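Peer 1: Given next are the chains, with one letter for each unit.
Protein chains: 2
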Amino acid sequence: MKIAFGQIRIISKDLTYNFNQMVEMIKKAKSENATMIVFPALTISGFAVEHSFLNSDWCKTVESFNDKIKHLADDILIVWGNLQEKNGKLVQTAYASYHQGYLMASLEKKVESSSRYFAEQRYFTNVEEVANTFEFQGKIIAVSFASEEKDIQCDYHIVLDQTPWTMKHEFKYNNYSVEHLLYVNACGMQTIGKQVWMLDGGSSYYHNGKKRSSCNDLFMPELNYSDSNIIPISDGKLLEALTKGIAYFDQQLFSFRPKWIVGLSGGLDSSVSVALLVKALGCERVIAYNLATNNNTSKTIENARLIAEALQIEYRQGSIQADVFATEETLKTYQYTADYPSLVHENIQARLRGHILSTFAAVENGLVINNGNKVEAALGYCTMYGDSVGAINLIGDLTKIQLFELSKEINHLYQKEVIPNNLLPIVKEYEISWGIRPSAELAKDQYDPMKWFYHDYLLEAILKEGVESILASYLDKSIYEKEIGKWLSYYGLNKATAFIEDLEWFLQNMERNQFKRIQAVPGIVVSDAIIGVDYPEAQGYSARSERYLKLKKEILDTL
Amino acid sequence: MKIAFGQIRIISKDLTYNFNQMVEMIKKAKSENATMIVFPALTISGFAVEHSFLNSDWCKTVESFNDKIKHLADDILIVWGNLQEKNGKLVQTAYASYHQGYLMASLEKKVESSSRYFAEQRYFTNVEEVANTFEFQGKIIAVSFASEEKDIQCDYHIVLDQTPWTMKHEFKYNNYSVEHLLYVNACGMQTIGKQVWMLDGGSSYYHNGKKRSSCNDLFMPELNYSDSNIIPISDGKLLEALTKGIAYFDQQLFSFRPKWIVGLSGGLDSSVSVALLVKALGCERVIAYNLATNNNTSKTIENARLIAEALQIEYRQGSIQADVFATEETLKTYQYTADYPSLVHENIQARLRGHILSTFAAVENGLVINNGNKVEAALGYCTMYGDSVGAINLIGDLTKIQLFELSKEINHLYQKEVIPNNLLPIVKEYEISWGIRPSAELAKDQYDPMKWFYHDYLLEAILKEGVESILASYLDKSIYEKEIGKWLSYYGLNKATAFIEDLEWFLQNMERNQFKRIQAVPGIVVSDAIIGVDYPEAQGYSARSERYLKLKKEILDTL
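Read top to bottom, the protein sequences are chains A and B.
All residue numbers for the first sequence refer to our numbering, where the first residue is 4 and numbers rise by one.
All residue numbers for the second sequence refer to our numbering, where the first residue is 4 and numbers rise by one.
Be aware that a few hints might be false.
To be verified - Here are the computed lysine-lysine pairs in the DSS-like style, where the Cα-Cα straight-line distance is at most 30 Å:
#1 K71(B) to K553(A)
#2 K92(B) to K113(A)
#3 K71(A) to K89(B)
#4 K89(B) to K63(A)
#5 K89(B) to K553(A)
#6 K485(B) to K553(B)
#7 K153(B) to K89(A)
#8 K92(A) to K302(B)
#9 K153(B) to K335(A)
Stated by the list, open to error - Selected chain A positions facing chain B (in silico; Cβ < 10 Å):
#10 E379
#11 G383
#12 N414
#13 Y538
#14 G543
Hint data in this document are derived by calculation from the structure and do not stem from the laboratory.
Only a predicted model underlies this, so the values are computations on that prediction, with no experimental measurement involved.
Positions of the beta carbon are idealized from the N, C-alpha and C atoms, including for glycine.
One chain only, chain A, in its complex shape (with noise of 0.2 Å):
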């Protein structure tokens, strides 16, 4: 049995742009001989939907596109996801049509509880079991969801699934022991509040457990067959995800196509993402300006200018000083006219960048991108309405070695050094010597208060396991054997005073700095912890744990 897999890209709630892949995968897909063609779930509304799928009218004309797919099956068998209303309840379905009758009683999909990327237990309603196998020439066929992973005894099982990528995901291929598994996914880019989440698509058939062929998983829509042999490796797959990602967002959300605007300061986070955008986008769309004040280097302007040079973007070099006068001029008219705190100085000088970035977006019809990288998010290290404007952020779910990592392969891509190499740490034996050390250039001698590896991993630490479990290993000392450890000493936290003190004034920043967080721009998911869905967050402080006291103590009293 030849099969297809309609890997379609679904734009959520673009019912015909969806529908209307299906017709061409399907009509290419007889042409070539195809016995059936299978597409994900939830293909012609997509998961990104919110209010409309409580809106009950919306849900029917979304249901009436099975009557147009019904009419498409003559002499292919097609299998697809959709939505289905059902006593006044959504029910998340599949569908299997021939001969334009269906082949099975529509099979309901069990809601996920705690669902990472759309609260499905909202919207869908839990179905009892039904019966999710047909006969189809002579084969025993089954449908089943990705996210049940149930092994049912047929000849072909089939697996819809529409479920974003991050770093970790993967189908759990091995818990299938039927025959022929055939296992399809949606691609593309839907987005919910601030998470961007890319879909990878990597539909694949396996038999008797082994691969055989598949589409790509690098994002992007194809049409593919069970014996097309064809397996692509998915190299460079983060890369993939963020300019895919953005070239979606702006292609979905922005039919004017805008510029897009680039504070570029001559730093790492500026630069990764500016080239990130060229990449995605062409260097046409991309407009790049460093908004100097006294307090920026000659090295970093001149880093910016040739990072443009390097990709042909437009750039243009100015100075916000002017502005920052007239700032401190306008307080002296309202009275104020005391010396106030450095810290004023400084996020006068990011918001008035916001200021400027903003305005520079308003005249050329463009948008902002926002550069934040994890950490900084993380810690609140930025400026409202400064350095966190924009309309999307590219790498705000990468941490910084993360992003020395991507910088090495943006370069290699390019086949020249469009990331300064002056940015990149060289790291050795857990020592660090830099180029140009990370400064937000907003004061004289001012540097990163972040000890960049060290509390990379830290963060991930404290969203994945938990900051009780980050003391227990350093009591018993097993932190020593993880990357974590292995830079304690580099920065004096071998020492268990400074070790707490660093600890504490981190988890600090995390919390008070949480309502920055809540006016944050969007950004594009690429971890599985990513504050505000896996650890997600609430205003306010909170007590510690008693474990957490105990192991603090412990820590102070014997190390």
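We have chain A; now place chain B onto it with these hints.
Peer 2: Coordinates of chain B only, in the frame set by chain A:
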């Protein structure tokens, strides 16, 4: 039996604060010879806890307070709610203790499948039905949770709650047939993400379905008794929700007692905000600034001065015109010399206000209050990083109609014209005359594009009924029987083309400006129809339903 209601104010995550209130109330209740004292659900942790509920060490610490509470139960029966770890899962539980022992198998709460205010289904596990009655002094006492609405055969029925108030929330005591019914709720402020939830209290004792005594339902802690016979009257509840909301928000999150910074334009919204702030925090904590440009009129500037005078707050008047000029000069240095659209100029003014207010806040160690209303937020009629800045919004869940009403209440409360009468429209037979017509004053002769009154009702209808039902009621003319319909002719919307054009303008603006709400400030919830919760959103454009298109066509063809 003399029963005490322990209506404590719960601060989420502040275990000691919550427990200490219990201790105080138990002591007092004993000294006043109460037989029993009852506390709310989740009394130690609160509900706005988020990732802490995922931390098993933290949950154990919360649970460990049960022992401390039990030890206080000597000659008094204590009933309270808390969480419980059971086979590695979290369960909401009710406890009853007397003479330091438990009186019933712990009662476990069913999880609500879609709680409005926190992700109960994510953190808590659903449980099987368990026994929830026990005998005490010869009486059968039943305990349940408010969301369950279970009518149980018993002598005394105790209902534990911890549910935020909205303008529609009410305990359904009529669903219980028991002779003695005790409902105990918490009070206070708890916040998750953009929602600032208010708990009103209103713990009550009903005898045969008739309220006999109660605690206040004005958001304040109180110890009261079943035999107290005091029934408070809750007048001006909205005003109390907003002032208690900001007072608690300020107290719980900012130990440094910040100044509250208000951009006081002299228009309605900022006037109401500042009056609420002063009512809640006193005049010493509030500073108002008028930040004029060449587009502001002397009328509104005079309004601002008079409001500040009436409230006896510090008021600083000045201009940001020099900052506007500086931005224009900076644009020139970046080679932007052409005339750009009015919108660019308008946004420059708004953003500079956001910047200067944020700078004042930094200098004063203060926080900016946001002044947007519900209709503006829905339409995205605001400038990002401009009038959209702030730490909290007090009036963002109120329509302009509600703001007009609230203004009158405020003036009544202050016994003088705090909110200038020239901002309040005179409405006669569905026609409006304005003293000062609503305007953002960002360009000459600019007025709000909103059709006030009509659009207020339209927004509520879209959020609650869906747009299809509005079209249907327009088609069958039943719309004219409702308040919304009475405004159609004033705005010329009794003509079908004008009605449809306006409706689609409204819908498109709502949809197109979702991105602004993603970065919006948190606000106090007062309604049962809020964008983001009751009307959840995902960026991107949605296909209209077939019913929508059909109704639209019928309206245009037949009316």
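Peer 1: Could you run down the list of hints and mark each one as holding or not?
Peer 2: Checked hints:
| no. | hint | result |
| --- | --- | --- |
| 1 | K71(B) to K553(A) | 19 Å, holds |
| 2 | K92(B) to K113(A) | 21 Å, holds |
| 3 | K71(A) to K89(B) | 49 Å, violated |
| 4 | K89(B) to K63(A) | 42 Å, violated |
| 5 | K89(B) to K553(A) | 23 Å, holds |
| 6 | K485(B) to K553(B) | 23 Å, holds |
| 7 | K153(B) to K89(A) | 28 Å, holds |
| 8 | K92(A) to K302(B) | 55 Å, violated |
| 9 | K153(B) to K335(A) | 65 Å, violated |
| 10 | E379 | 17 Å, violated |
| 11 | G383 | 14 Å, violated |
| 12 | N414 | 29 Å, violated |
| 13 | Y538 | 5 Å, holds |
| 14 | G543 | 6 Å, holds |
Of the numbered hints stated above, those contradicted by the structure are hints 3, 4, 8, 9, 10, 11, 12, listed in ascending order.
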